[in-house]
Amino acid sequence: MTSKDLISKRREWLRRYVPAEILGTITALSGAWLVFIHTHSFLAATGAGWFSEGIGFYGYFVISELISNSRRLKEKSFFKRTSMAIAAASTNLLVEFMPAELIDNFIIRPFAMYEAPQYIHPYPIGFLTGKFAADIIFYAIAIVGYETRKRYIRR
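The numbering of the sequence shown is my numbering, which starts it at 1 and goes up by one.
As a list, the in silico PhoX-like pairs of lysine-lysine whose alpha-carbon atoms are at most 25 Å apart:
| no. | residue 1 | residue 2 |
| --- | --- | --- |
| 1 | Lys-150 | Lys-9 |
| 2 | Lys-4 | Lys-150 |
| 3 | Lys-76 | Lys-150 |
| 4 | Lys-80 | Lys-150 |
| 5 | Lys-74 | Lys-150 |
Label pairs and their calculated CB-CB ranges:
| no. | residue 1 | residue 2 | range |
| --- | --- | --- | --- |
| 6 | Ala-44 | Tyr-119 | 15 to 21 Å |
| 7 | His-121 | Arg-151 | 41 to 47 Å |
| 8 | Pro-122 | Lys-80 | 49 to 55 Å |
| 9 | Thr-2 | Phe-111 | 33 to 39 Å |
| 10 | Ser-8 | Ser-77 | 35 to 41 Å |
| 11 | Ile-153 | Asp-5 | 17 to 23 Å |
| 12 | Arg-71 | Ile-125 | 36 to 42 Å |
| 13 | Lys-80 | Ile-137 | 38 to 44 Å |
What the hints contain is simulated information worked out from the structure, not anything from laboratory work.
The structure displayed is predicted, hence computed values, not measured ones.
Using N, Cα and C, we set each Cβ at its ideal position, and we do this for glycine too.
Using the sequences provided together with the hints, build the complete structure.
Shown next as structure tokens:
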């Protein structure tokens with residue numbers, strides 16, 4: 001892969017992931033901070049942030065995938081287009097994100113989002129530090145899934 005190809009790939013990945021990451025970060029921080037100020041519990045805030053981030057992040061991808069697949073299938077009847085768009089979106093997102101999610105959600109992210117705020121203050125800065133540390137590992141795995149999806153799954 002040439003440096004020009006790598007730059008092109010990086011731009012593609014940024015265009016794909018940055019909007020979802022912004023939305024996920026806003027919802028994660030909002031959920032975690034809201035729970036933390038009411039409970040002062042790192043554990044409860046971690047759970048709220050983790051859950052909220054998933055809603056924002058995957059909400060973006062589910063809607064994007066459904067729209068793009070529906071547009072591609074516009075000549076089909078409504079019910080056929082809808083079922084085909086859901087099937088394609090599900091397959092695409094599972095291949096892209098399932099391995100990253102398993103490692104991230106059960107090992108990396110809970111640890112990082114729980115530990116970082118205990119050592120880095122104020123709470124929002126510590127929470128975001130843990131979140132972004134987990135994101136680096138998540139995206140390294142998700143990008144492999146995305147490239148695999150593009151290569152092996154026909155649209």
